[in-house]
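2 protein chains.
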Amino acid sequence: MKNYHINLLAILSLFVFIFSCQFTTNTKDSETIILEYNFLESWNEGATKTSIQDFVKRTTTENSADFIPEKDRIAVFDNDGTLWGEQPYYFQLAYAIDFVKKEAPNHPEWSKDPIFQAAIVGDMKGLMGGGEKGLIELVMKSHAGMTEDQFEAAVRNWLSTSRHPDTGRPYDEMIFQPMLELLDFLRAHDYKVFIVSGGGIDFLRVWAEEAYGIPPYHVVGSSIKATYQELNGKMEIVKIPELNFIDDKSGKPVGIHQHIGKKPIIAVGNSDGDFEMLEYTTQLPGLRLGLLIHHTDSVREYAYDSLSHIGRLRIGLTEGPSRGWVVVDMAKDWNTIYPISKDQ
Amino acid sequence: MKNYHINLLAILSLFVFIFSCQFTTNTKDSETIILEYNFLESWNEGATKTSIQDFVKRTTTENSADFIPEKDRIAVFDNDGTLWGEQPYYFQLAYAIDFVKKEAPNHPEWSKDPIFQAAIVGDMKGLMGGGEKGLIELVMKSHAGMTEDQFEAAVRNWLSTSRHPDTGRPYDEMIFQPMLELLDFLRAHDYKVFIVSGGGIDFLRVWAEEAYGIPPYHVVGSSIKATYQELNGKMEIVKIPELNFIDDKSGKPVGIHQHIGKKPIIAVGNSDGDFEMLEYTTQLPGLRLGLLIHHTDSVREYAYDSLSHIGRLRIGLTEGPSRGWVVVDMAKDWNTIYPISKDQ
Numbered sequence: 153m154k155n156y157h158i159n160l161l162a163i164l165s166l167f168v169f170i171f172s173c174q175f176t177t178n179t180k181d182s183e184t185i186i187l188e189y190n191f192l193e194s195w196n197e198g199a200t201k202t203s204i205q206d207f208v209k210r211t212t213t214e215n216s217a218d219f220i221p222e223k224d225r226i227a228v229f230d231n232d233g234t235l236w237g238e239q240p241y242y243f244q245l246a247y248a249i250d251f252v253k254k255e256a257p258n259h260p261e262w263s264k265d266p267i268f269q270a271a272i273v274g275d276m277k278g279l280m281g282g283g284e285k286g287l288i289e290l291v292m293k294s295h296a297g298m299t300e301d302q303f304e305a306a307v308r309n310w311l312s313t314s315r316h317p318d319t320g321r322p323y324d325e326m327i328f329q330p331m332l333e334l335l336d337f338l339r340a341h342d343y344k345v346f347i348v349s350g351g352g353i354d355f356l357r358v359w360a361e362e363a364y365g366i367p368p369y370h371v372v373g374s375s376i377k378a379t380y381q382e383l384n385g386k387m388e389i390v391k392i393p394e395l396n397f398i399d400d401k402s403g404k405p406v407g408i409h410q411h412i413g414k415k416p417i418i419a420v421g422n423s424d425g426d427f428e429m430l431e432y433t434t435q436l437p438g439l440r441l442g443l444l445i446h447h448t449d450s451v452r453e454y455a456y457d458s459l460s461h462i463g464r465l466r467i468g469l470t471e472g473p474s475r476g477w478v479v480v481d482m483a484k485d486w487n488t489i490y491p492i493s494k495d496q
Numbered sequence: 153m154k155n156y157h158i159n160l161l162a163i164l165s166l167f168v169f170i171f172s173c174q175f176t177t178n179t180k181d182s183e184t185i186i187l188e189y190n191f192l193e194s195w196n197e198g199a200t201k202t203s204i205q206d207f208v209k210r211t212t213t214e215n216s217a218d219f220i221p222e223k224d225r226i227a228v229f230d231n232d233g234t235l236w237g238e239q240p241y242y243f244q245l246a247y248a249i250d251f252v253k254k255e256a257p258n259h260p261e262w263s264k265d266p267i268f269q270a271a272i273v274g275d276m277k278g279l280m281g282g283g284e285k286g287l288i289e290l291v292m293k294s295h296a297g298m299t300e301d302q303f304e305a306a307v308r309n310w311l312s313t314s315r316h317p318d319t320g321r322p323y324d325e326m327i328f329q330p331m332l333e334l335l336d337f338l339r340a341h342d343y344k345v346f347i348v349s350g351g352g353i354d355f356l357r358v359w360a361e362e363a364y365g366i367p368p369y370h371v372v373g374s375s376i377k378a379t380y381q382e383l384n385g386k387m388e389i390v391k392i393p394e395l396n397f398i399d400d401k402s403g404k405p406v407g408i409h410q411h412i413g414k415k416p417i418i419a420v421g422n423s424d425g426d427f428e429m430l431e432y433t434t435q436l437p438g439l440r441l442g443l444l445i446h447h448t449d450s451v452r453e454y455a456y457d458s459l460s461h462i463g464r465l466r467i468g469l470t471e472g473p474s475r476g477w478v479v480v481d482m483a484k485d486w487n488t489i490y491p492i493s494k495d496q
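Those protein sequence lines, which keep their order, are chains A and B.
For the first sequence, the working numbering begins at 153 and goes up steadily by one.
For the second sequence, the working numbering begins at 153 and goes up steadily by one.
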């Protein structure tokens, strides 16, 4: 009887022991499996997907000749046209137009300004005719005097009430599923991911954490100046109508230098506004990745490149390949465009 | 014999099982023990230490009324006089003087500039007489035309060859051991820690990761402008002699807004240059922590406050307590000042 007891105990503890070992091993195994197979599900098999996987493997495998220490694994992503859509016009422009229309009754002085007039009557040609400078002026002037909290509330309110004109989706669901998977894939390999966008830094910060898991302090963008001043008995950050920084073209490497302070290992963009960012990243010695998202899918998204007013991609396509940049063909390389909508 | 075998197996597997349990439990236990008891070793028991521990416990314990979600746990630290020393003069000024002396033979035009002249002959009174503006001018003009890599190499070289005039330590070992422990304590409770310094952002970024474990993209500081341009056949970030941002006084909340984009929960400083940063942080509703390091230790460090040219602390001491800010008395609250030197 005594022996029987001990045998039972032996079997029991063996089971528990084996189970506890299994448990430990399983955790590690499943982690490994996820890292190797479960990422990038919306990317079709092919040269593009393989080149991304190979790059990450080579830069994150210890003893690899191309190994990069965790602390230096920096990946920078453009936003408009790279992480989310940008057609038929930049989404922040849609926000600014809606804001100006809503606020116009309180600002009779706006009616004398041609840029504001174009916004109020929805004259897109007139707006685009003013070029980048006109758009920046619109955003700058319309938001002057707002506190950081007021601006955040205005953007949040707009996101929850507005829908994209073609898809009917909320704008923060016009994000690209394959890019969400790429962000996750990189983070799982200890890359820090940053947004480096021509768009407004404060506009992006309102929703980027929820949409992409990218916190405000990993967002670089264009900005107007701000002051710290008393307002209604409280000290506030208040936006002022003075340009601070344009984070586009050669501004992107400068923005990276100012905000990140480390040279990236991976740069991802979609337009010639990203050329300098990819150039800055990939000219460095050592293995580097430049990735260009080419909008080729007129059925599921939009097809545009060298002739487009928005997101023009010309130099990237002609010079990119000779620089070793990988061009992602959306129609061919992606089996899904958008994530499942929360509305559905 | 068979029974004996099984008994042995029983005992063996029990041992292994117990050991494996122990191993798992120990890891968790020791983690918990470290979190609760082993941090802040260089802080003497007392009201200051208790108030820090209580604050962190209340803001990081789920179901606490003061619980703050991980993503919002932002702590900002001044650098000069808070994380490292600043006497007998700002360490970056020591760097700039050494740099100007070394480079002067290549810049005959400097001899006509009184600020450069004061630096070259080591006339500290003349230098300080120019005030903050003079010092910024010195740093700006002396570094114009340098690439980001050249600047980093110059700072690294200076750090490895220079010693503090009073202690003989390398400057990057003039950091405060109790503050290193505070940074660790906060990080272990999922606070993200940032430097928000009046000092130069690029100067700080060279050594802050090694000294404090704070990566370049968590450093906010003063800066001059930079361009992205061709230099010797390579595209480079080049510093230009134009002021970009002064991250001091009311500039600190603006710097936090621009770089971090979230309001801090904890702000730590030591001078009136940090007043606005602590004000901005602690005026928010909800539990917030403002901490002021008061240099009271003339034996182990330096004793100075309201009359000091460098690190003047006057308003903080008079207004701080009524705002609920905690004043750290270095002589009383810290049992150690500096970490063990790597030289020793």
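Derived by calculation from the structure, the hints in this document are not laboratory data.
The structure presented is a predicted model; accordingly, all values stated were derived computationally and were not measured.
One thing to keep in mind: the hints can contain errors.
Claimed, not checked - In silico BS3-like cross-links for lysine-lysine, where the CA-CA straight-line distance does not exceed 25 Å:
hint : chain 1 : residue 1 : chain 2 : residue 2
1    : A       : Lys414    : B       : Lys293
2    : A       : Lys386    : B       : Lys377
3    : B       : Lys386    : A       : Lys401
4    : B       : Lys401    : B       : Lys386
5    : B       : Lys377    : B       : Lys253
6    : A       : Lys401    : A       : Lys414
7    : A       : Lys377    : B       : Lys253
8    : B       : Lys253    : A       : Lys414
9    : B       : Lys293    : B       : Lys277
10   : B       : Lys414    : A       : Lys377
11   : A       : Lys223    : A       : Lys254
12   : B       : Lys494    : A       : Lys223
Hints and how they fare:
1. Lys414(A) <-> Lys293(B): holds, 24 Å
2. Lys386(A) <-> Lys377(B): violated, 32 Å
3. Lys386(B) <-> Lys401(A): OK: Lys386(B) and Lys401(A) at ~17 Å, within 25 Å.
4. Lys401(B) <-> Lys386(B): At roughly 38 Å apart (the allowed maximum being 25 Å), Lys386(B) and Lys401(B) break the hint.
5. Lys377(B) <-> Lys253(B): holds, 24 Å
6. Lys401(A) <-> Lys414(A): holds, 18 Å
7. Lys377(A) <-> Lys253(B): Violated, at about 36 Å.
8. Lys253(B) <-> Lys414(A): violated, 29 Å
9. Lys293(B) <-> Lys277(B): Roughly 20 Å between the alpha carbons, so the hint for Lys293(B) and Lys277(B) holds.
10. Lys414(B) <-> Lys377(A): The given pair, whose Cα atoms are some 16 Å apart, holds under the 25 Å limit.
11. Lys223(A) <-> Lys254(A): violated, 46 Å
12. Lys494(B) <-> Lys223(A): At roughly 22 Å apart (the allowed maximum being 25 Å), Lys223(A) and Lys494(B) satisfy the hint.
When each numbered hint is compared with the structure, violations occur for hints 2, 4, 7, 8 and 11.
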